[in-house]
Amino acid sequence: MATAMMAAATTSCSPRRALLKPVASSSSAPPPRPRSLLKHLPGLVATAAAAAAASPLPALAAQIEKAKLFDFDLTLPAITIEFLLLMVALDKLYFSPLGNFMDERDAKIRAELGGVKDASEEVRQLEEQAQAILKAARAEIAAALNKMKKETTKELEAKLDEGRQRVEAELVEALSTLEAQKEEAVKALDAQIASLSEEIVKKVLPSA
Amino acid sequence: MNIIPCSIKTLKGLYDISGVEVGQHFYWQIGSFQIHAQVLITSWVVITILLGSVVIAVRNPQTVPMDGQNFFEYVLEFIRDLSKTQIGEEYGPWVPFIGTMFLFIFVSNWSGALLPWKIIELPHGELAAPTNDINTTVALALLTSAAYFYAGLSKKGLSYFEKYIKPTPILLPINILEDFTKPLSLSFRLFGNILADELVVVVLVSLVPLVVPIPVMFLGLFTSGIQALIFATLAAAYIGESMEGHH
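These protein sequence lines are chains A and B, in that order.
For the first sequence, position 87 matches number 88 in this note's numbering, and the numbering has no gaps at all.
For the second sequence, position 170 matches number 1635 in this note's numbering, and the numbering has no gaps at all.
Derived by calculation from the structure, the hints in this document are not laboratory data.
From the three backbone atoms N, C-alpha and C, an ideal C-beta is built for every residue, glycine too.
Be a bit skeptical, because a hint or two may be false.
Said to hold, decoys possible - Between beta-carbon pairs, the in silico distance windows are: (1) A:L85 / B:D1546: 37 to 43 angstroms; (2) B:D1546 / A:E128: 23 to 29 angstroms; (3) B:K1621 / A:K118: 38 to 44 angstroms; (4) B:N1525 / A:L85: 23 to 29 angstroms; (5) B:P1632 / A:K118: 22 to 28 angstroms.
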């Protein structure tokens, strides 16, 4: 913006200089008389101002050249060629290789994902198989358990029966011994009763 | 009487401090042609930055991307997305063009704002963003024009020119005018924005050297990015427009 201002200043100054120069040259002509000097006074003031202003201006104008914003030259085709070369280089180094790489990776990941979906079917089958095996094993175990239970009960019952029979046998034996003892006792009692009754008879009937 | 020299001296002092050198070029003579050396130098720096970072980051792509590769994959996704939205399904061949356009303008703009070009003294003129020069922006805009003509002609052959009388033949002049206004608006938008941005920063720095220019600098970074995006988007839109059929 500052340059734009400066450019405006220089451009607006230069025509003024050009405009004032003829006046300056006229003042260097033969010395004017007082009356005409009075008449030329505004012109003289302008000349002095122009002389003061003009001295720094050419130097500055040389330093601050006119801005060439729209300066077309060989830069345009040069940049065009550079851009095209850059495009080819970037395509070879970046867009094509990395793009292909990304596409391939994408395809691979997709394939793997599909494979995983198939595997899930397989996994389901395997799971079913495992379930069946588990079921069979459980049934087998239940059967074995039942069998064992039955056998054990049978054995137990047999033992129980045996025990009961033994107890019964012992009971019968005990009873029979008791009976025998009873009979013996009764026999013994009978004998005692006979002797006693004989003694009683003897005592009651001493004269017999 | 001393007013004019004084004010000019003050202005010159200000001018020296701010050091704005707009529209002044460091010329190289090639044959009978002149070339703006400062633009060429900065564009070489920009190209070096681009190619260097790309080579370092993408030299050996990993399946699981790390920092640099991740960033460049993101950029590529972004460019592809941009091209796809503007051009449509046949965007593939145009990705290098749109991508280079975006990256070159973006890095150029940011280099003008971020790289300390002032350290390097030129005999005349100063180093600035390559997009600070009308030659660069016009070159890019003309390339865009060429690109969309090429896209249309290669897609539809000569029937591409039917678009000039498409809604009605009455619009023929306007349709032809459009081919001139497109590069014109593209180039002047970019040029004006970048130049104005750098000027605002420089002038503010010359007036208030502390704190105050910082928000403007950030605004400048934002504008630079947006301008790169706008240029690339419009280029893609023009290409897409000339490729699509008005059935």
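Going down the list of hints, with the structure as the test:
| no. | hint | result |
| --- | --- | --- |
| 1 | A:L85 / B:D1546: 37 to 43 angstroms | violated, 24 angstroms |
| 2 | B:D1546 / A:E128: 23 to 29 angstroms | violated, 42 angstroms |
| 3 | B:K1621 / A:K118: 38 to 44 angstroms | holds, 43 angstroms |
| 4 | B:N1525 / A:L85: 23 to 29 angstroms | holds, 27 angstroms |
| 5 | B:P1632 / A:K118: 22 to 28 angstroms | violated, 51 angstroms |
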